[in-house]
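Starting from the given sequences, assemble the full structure and let the hints guide the process.
As they're listed, the protein sequences go chains A and B.
Position one of the first sequence corresponds to residue 1 (full-length UniProt numbering), numbered consecutively onward.
Position one of the second sequence corresponds to residue 1 (full-length UniProt numbering), numbered consecutively onward.
Which copy is meant is left open, so a pair is good if it fits within one copy or across any two.
Below 27 Å or equal to it, Euclidean Cα-Cα: the simulated BS3-like pairs (lysine-lysine) are:
#1 K292 x K276
#2 K236 x K247
#3 K236 x K214
#4 K57 x K323
#5 K327 x K57
#6 K302 x K292
Derived by calculation from the structure, the hints in this document are not laboratory data.
Just so it is clear, the structure is predicted and the values come from calculations on it, not from any experiment.
Below, each chain spelled out in residue letters.
2 protein chains.
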Amino acid sequence: MAQDIIDHNRFVLSRVITMIESNKEEHRQKGSEVGYPDIAFWAIPDMRMKILDVALKVMKQRNYRNPARSSIRLGISGPPGVGKSTVAVIAVDPSSQISRGSILGDKTRMNDLAAHPNAYIRPCATGGSLGGLSQHTDEVVLLCETAGFDVILIETVGVGQSEVLVSEVADMFILLLPPVGGDELQGIKRGIMEAADLIVINKADGDLKLLAKKAQSECRSALQFLRGGAGHKWWKSDVLTCSAQTKEGVNDIMSSIETYWKLGDESGDLRLRRGKQRASWMWRKSKEDIVKMLEDCELVTKRAEELEVELRQSEKTPRWAAKELVKVFMKTGKDL
Amino acid sequence: MAQDIIDHNRFVLSRVITMIESNKEEHRQKGSEVGYPDIAFWAIPDMRMKILDVALKVMKQRNYRNPARSSIRLGISGPPGVGKSTVAVIAVDPSSQISRGSILGDKTRMNDLAAHPNAYIRPCATGGSLGGLSQHTDEVVLLCETAGFDVILIETVGVGQSEVLVSEVADMFILLLPPVGGDELQGIKRGIMEAADLIVINKADGDLKLLAKKAQSECRSALQFLRGGAGHKWWKSDVLTCSAQTKEGVNDIMSSIETYWKLGDESGDLRLRRGKQRASWMWRKSKEDIVKMLEDCELVTKRAEELEVELRQSEKTPRWAAKELVKVFMKTGKDL
Numbered sequence: 001m002a003q004d005i006i007d008h009n010r011f012v013l014s015r016v017i018t019m020i021e022s023n024k025e026e027h028r029q030k031g032s033e034v035g036y037p038d039i040a041f042w043a044i045p046d047m048r049m050k051i052l053d054v055a056l057k058v059m060k061q062r063n064y065r066n067p068a069r070s071s072i073r074l075g076i077s078g079p080p081g082v083g084k085s086t087v088a089v090i091a092v093d094p095s096s097q098i099s100r101g102s103i104l105g106d107k108t109r110m111n112d113l114a115a116h117p118n119a120y121i122r123p124c125a126t127g128g129s130l131g132g133l134s135q136h137t138d139e140v141v142l143l144c145e146t147a148g149f150d151v152i153l154i155e156t157v158g159v160g161q162s163e164v165l166v167s168e169v170a171d172m173f174i175l176l177l178p179p180v181g182g183d184e185l186q187g188i189k190r191g192i193m194e195a196a197d198l199i200v201i202n203k204a205d206g207d208l209k210l211l212a213k214k215a216q217s218e219c220r221s222a223l224q225f226l227r228g229g230a231g232h233k234w235w236k237s238d239v240l241t242c243s244a245q246t247k248e249g250v251n252d253i254m255s256s257i258e259t260y261w262k263l264g265d266e267s268g269d270l271r272l273r274r275g276k277q278r279a280s281w282m283w284r285k286s287k288e289d290i291v292k293m294l295e296d297c298e299l300v301t302k303r304a305e306e307l308e309v310e311l312r313q314s315e316k317t318p319r320w321a322a323k324e325l326v327k328v329f330m331k332t333g334k335d336l
Numbered sequence: 001m002a003q004d005i006i007d008h009n010r011f012v013l014s015r016v017i018t019m020i021e022s023n024k025e026e027h028r029q030k031g032s033e034v035g036y037p038d039i040a041f042w043a044i045p046d047m048r049m050k051i052l053d054v055a056l057k058v059m060k061q062r063n064y065r066n067p068a069r070s071s072i073r074l075g076i077s078g079p080p081g082v083g084k085s086t087v088a089v090i091a092v093d094p095s096s097q098i099s100r101g102s103i104l105g106d107k108t109r110m111n112d113l114a115a116h117p118n119a120y121i122r123p124c125a126t127g128g129s130l131g132g133l134s135q136h137t138d139e140v141v142l143l144c145e146t147a148g149f150d151v152i153l154i155e156t157v158g159v160g161q162s163e164v165l166v167s168e169v170a171d172m173f174i175l176l177l178p179p180v181g182g183d184e185l186q187g188i189k190r191g192i193m194e195a196a197d198l199i200v201i202n203k204a205d206g207d208l209k210l211l212a213k214k215a216q217s218e219c220r221s222a223l224q225f226l227r228g229g230a231g232h233k234w235w236k237s238d239v240l241t242c243s244a245q246t247k248e249g250v251n252d253i254m255s256s257i258e259t260y261w262k263l264g265d266e267s268g269d270l271r272l273r274r275g276k277q278r279a280s281w282m283w284r285k286s287k288e289d290i291v292k293m294l295e296d297c298e299l300v301t302k303r304a305e306e307l308e309v310e311l312r313q314s315e316k317t318p319r320w321a322a323k324e325l326v327k328v329f330m331k332t333g334k335d336l
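Right, dumping it as structure tokens:
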């Protein structure tokens, strides 16, 4: 199976990603009962772990720790309707050195891209509490790299936590914003602007062009008060405008990405960044695991039922009840 | 202090909310060292718990479990720039029965509202991993009710998890959307539309009016495939359009809210909803607590440092390392 992925078999790639993402005990149960192949696979313990091990080995041979010699991971985020899909499609334009001239023709839309033999589009299940990003995104990215894709775009909707998470799986995080004024920019959280390596104001065409330029200078002055670009010495986050419609400004974005890539590789920082990302995924996953254990713990769910009654009848607060649950849970550690 | 809140002292209200929201050990430490009053308060163990207990007692006397006899909690969400503040200000218009004729004159903007003696605006710290909503939002709402506010608007930016959370603290959850087409609507997550008791397409004026009407009918047909309105028997989620500028459609929204309120109270469902919300806050807080314990556990952080090195050097995945951390953490339960 791992070999199939290495051989660029995207049917197997899809199946493995589905398995990696499935989190439901019932899937595993049902899988072993009815023998449905995709799911029964789950019944084999640690199988997904093994595939990932092989993937990691392959990528190490391909110099996984040196991003310039593996793939480019671009994270793209922004509120709904800002034009992420359009801008992302332009970003893998074949005229650019970055895409290694392999992916796209001009005027391609996301739907056309999906049908292209050299592209693979995967809407990812967001699952639990990770705010728009799957808890397995790092593993999905690893699998796509193993399958030999050069450019990996990780796109999330929404202005919230997911952007910060995207910056934890991407080599470069691009925040796309609509041409809005200062008041509305304040609604965009500090942490997201700080995490952005590049901010792009889209829709800078027609009536909105002036507004976009104004938003650009407001964003720029806001950036001066933030750390910006995750605080690289070799990179200062900038704000650019573009129009996905007229293509104006797109070349500037492309060359900004290329410069970032070059400088980040030379400084060794992109390699370091990937190392740090692996550490933060370790933490993220351990938190998800512990929460899942709490939810699944029988003693805890039993006590929770009692507490729900108490919450209705007595003057106890949810905060107090929460502490009770944690106490019950931690005691189960004794038996391990 | 609790008495001050009951007496509508908003200075004390602000201080207590700040305390409730503060999560930092260092604040507590520093507080007891330098004797800064707001923070030193924190050093007294369980003080915040006690204030909440008193608040809960007061609200019970005021028939807390019967929403119609306490306050109205309206949750409002939507992407940045959709006009949440404007629409929310209109929603507490004095001409409406709901606001009990006490809060606002016409054409009030959020800034004017902040200065109004009968209004209290509190930007809440979002803190950890709750995606735009504070983990103490339920307690802040309780305190505001204790202080006697009739209408409580809980507003979050972003299309993500925070909306679903807002629906867990509000009696009615209103999702505000811009007038965008079907493609872009797909970027809005199912769960959010399902959680909405009412969807409002704002900016239905001028050039955008036609687009808004189109978005309305697309949203309506999307809703047919979803459960909608948290599956009440007495309520079917609807999609309305409005213009915060021309005020067109605002009356329909107001009467939709009033109908919801009336039917929800009569059916007893709003009371049940608050009970369920308390249970889900218990779970939410217990998860936050357990994650914080994991992060703060010395044995875990020590092992994490070793694992970070292993992740850089070996072929181990972050997923494997996460399991190691959880194992170390659960063993600490033995000593409790």
